[in-house]
Amino acid sequence: MKLILLTILIFPITVAAQLQLAKIFTDHVVLQRNQPITIFGQATAAKTVTVHFNKEVKTAIANEEGYWQMEFKSQPQNTIPQTITVTCDTQKIVVKNILIGDVWLCIGQSNMEFPMEKEIHFPEAKLTGKQPLLRFFNPVYAGKNTYKIAFTDSIRQRLTPQHFYKGEWQCSDSNSLRTMSAVAYYFGKKILEAEQIPIGLINLSIGGAPLETFISANALKNSKQFSAKMNGNWLMNDALPVWVRQRREQNVGDLKNVPTDLYGPNHAFKPAFAYEAGIKPIIHFPVKGILCYQGESNAQEPERVNEYALLSKLMVDDFRKERNQPALPFYFVQISSIDTLQYNSHLWPMFRDEQRKILSLVSNSGMAVSSDFGFRNDVHPTNKKIVGERLAAWALHKTYHKHVVPSGPLPIQAKYRNKKIIITFQYSAGGLATAVNEPLRGFSLDGIQEASARIQKNKIIIPALIKPGFIYYGWQPFTRANLVNAEKLPASTFKIHVL
Numbered sequence: 000m001k002l003i004l005l006t007i008l009i010f011p012i013t014v015a016a017q018l019q020l021a022k023i024f025t026d027h028v029v030l031q032r033n034q035p036i037t038i039f040g041q042a043t044a045a046k047t048v049t050v051h052f053n054k055e056v057k058t059a060i061a062n063e064e065g066y067w068q069m070e071f072k073s074q075p076q077n078t079i080p081q082t083i084t085v086t087c088d089t090q091k092i093v094v095k096n097i098l099i100g101d102v103w104l105c106i107g108q109s110n111m112e113f114p115m116e117k118e119i120h121f122p123e124a125k126l127t128g129k130q131p132l133l134r135f136f137n138p139v140y141a142g143k144n145t146y147k148i149a150f151t152d153s154i155r156q157r158l159t160p161q162h163f164y165k166g167e168w169q170c171s172d173s174n175s176l177r178t179m180s181a182v183a184y185y186f187g188k189k190i191l192e193a194e195q196i197p198i199g200l201i202n203l204s205i206g207g208a209p210l211e212t213f214i215s216a217n218a219l220k221n222s223k224q225f226s227a228k229m230n231g232n233w234l235m236n237d238a239l240p241v242w243v244r245q246r247r248e249q250n251v252g253d254l255k256n257v258p259t260d261l262y263g264p265n266h267a268f269k270p271a272f273a274y275e276a277g278i279k280p281i282i283h284f285p286v287k288g289i290l291c292y293q294g295e296s297n298a299q300e301p302e303r304v305n306e307y308a309l310l311s312k313l314m315v316d317d318f319r320k321e322r323n324q325p326a327l328p329f330y331f332v333q334i335s336s337i338d339t340l341q342y343n344s345h346l347w348p349m350f351r352d353e354q355r356k357i358l359s360l361v362s363n364s365g366m367a368v369s370s371d372f373g374f375r376n377d378v379h380p381t382n383k384k385i386v387g388e389r390l391a392a393w394a395l396h397k398t399y400h401k402h403v404v405p406s407g408p409l410p411i412q413a414k415y416r417n418k419k420i421i422i423t424f425q426y427s428a429g430g431l432a433t434a435v436n437e438p439l440r441g442f443s444l445d446g447i448q449e450a451s452a453r454i455q456k457n458k459i460i461i462p463a464l465i466k467p468g469f470i471y472y473g474w475q476p477f478t479r480a481n482l483v484n485a486e487k488l489p490a491s492t493f494k495i496h497v498l
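For the sequence shown, numbering that gives the first Met the number 0 assigns the number 498 to the last residue and increments by one with no breaks.
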């Protein structure tokens, strides 16, 4: 017995690591067309891994950490199912029913997470839900649908980047459709109808999540403006939204059995956590573009409002750099209208305008306005079809080069001439109008008092005895502003200087 024990101590037993593909590779996966396809995973260190895909056979040796990766040639769109076969010694993995098309990565908080089964058009949508070319990777995250109460031990154990998300690819049908992001679904459906190619939607949204969780730690630490967000324990960091730290206290306040590191206990709202758990593991998985519906959690304090456009730019710049896609499309939803103290709605006009500024800071971006479909007392408007389709309009216009007007009127400038203010707009070539032929509403010279404004073809005219400093539009938390263009797309909230 002593001899056996001594042998074990001198020559420890090496347990072969299980051959694994990255979690994104499951049956029914959609791979991005027209880009080199990288296949990657884990195996025993120094072991040879062989992959058969699209009549190519490649091998790689797992590095000392067990990671392996190999690149296959790009493919055009393909609706004929393919197979990936991975082997290592006697271990084998087969991934079936693979299509080649366009993949969109969806991030955000509860309004992006908002499922189809709660969306007002779901009863009719499920009748045509079976669409084999439309597919979802819609993982369940640790703590999903657990609000204002303590996490169970089983949830706490999953608060690591390796175990936070669990899921697999699914083909769209009336059953799988129920839990899919409604915004993402309607976006994907519109693109599929227009392009007739496989569409894959990766949904990594998290209810209540601040933008900081989707940004890498390196990007935050290396930013002069935002490095403070990674200073010490995030629970005591004043550079982060107060509300999200309060939610952490509700979920894991006692810190019992909660994984932790130098920046404090893990939680979905921790800076860089969703990035580490969901975005970083698929950095080498090509995508067509990014969809984002986020902001409510960052709209609770003036300091967070005023930094949001630059924080968004930091995130997008980092995504593009890490993916080596400098023009990666970024289409996002401007938060809606609301009027409730619970969400500090008095800040929402400023926040909507801050989001508008992202358009000039981030190239190849687009913003879907949603303020015309908000609920006065509910942060979750239930008409997600119109939001998804407005996002799709941007993609069809900018990414797929269709003759589609992508947006409602966006202000170019306001000039004071001859005792009147003249405002010009982008996306107004067909003329301006009001949503339902009502009197024009929403313009103000001070952000409070309604100004008398009129439409003159594709311009807005406002009489003024003296030159004001600014023009405001839609500057109420729950706005009833009603300016639209010829396509009936609504104008964004804005505050601009008068020249």
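These are calculated hints, taken from the structure and not from any lab test. Do not rely on the hints blindly, as some may be mistaken.
[Unchecked claim] Distance condition first, Cα-Cα at most 25 Å in a straight line; then the derived DSS-like pairs of lysine-lysine:
id, residue 1, residue 2
1, Lys494, Lys189
2, Lys189, Lys401
3, Lys255, Lys165
4, Lys466, Lys494
5, Lys320, Lys279
6, Lys418, Lys494
7, Lys418, Lys356
8, Lys414, Lys356
9, Lys72, Lys117
10, Lys466, Lys487
11, Lys95, Lys22
12, Lys143, Lys57
13, Lys189, Lys129
[Stated by the list, open to error] Between beta-carbon pairs, the in silico distance windows are:
id, residue 1, residue 2, range
14, Thr151, Arg453, 18 to 26 Å
15, Thr433, Lys117, 57 to 65 Å
16, Tyr415, Ile282, 19 to 27 Å
17, Pro438, Lys466, 54 to 62 Å
18, Ile411, Thr433, 32 to 40 Å
19, Gly430, Ala216, 45 to 53 Å
20, Val93, Arg177, 44 to 52 Å
Keep in mind the model is a prediction, meaning the values are calculated, not measured. Just so you know, even glycine gets a beta-carbon here, dropped at the ideal spot from N, CA and C.
**Request:** Compare the structure with the hints numbered earlier in the document and write down the numbers of the violated ones, lowest to highest.
**Result:** Violated hints: 1, 7, 9, 10, 12, 14, 15, 16, 17, 18, 20; rest satisfied.
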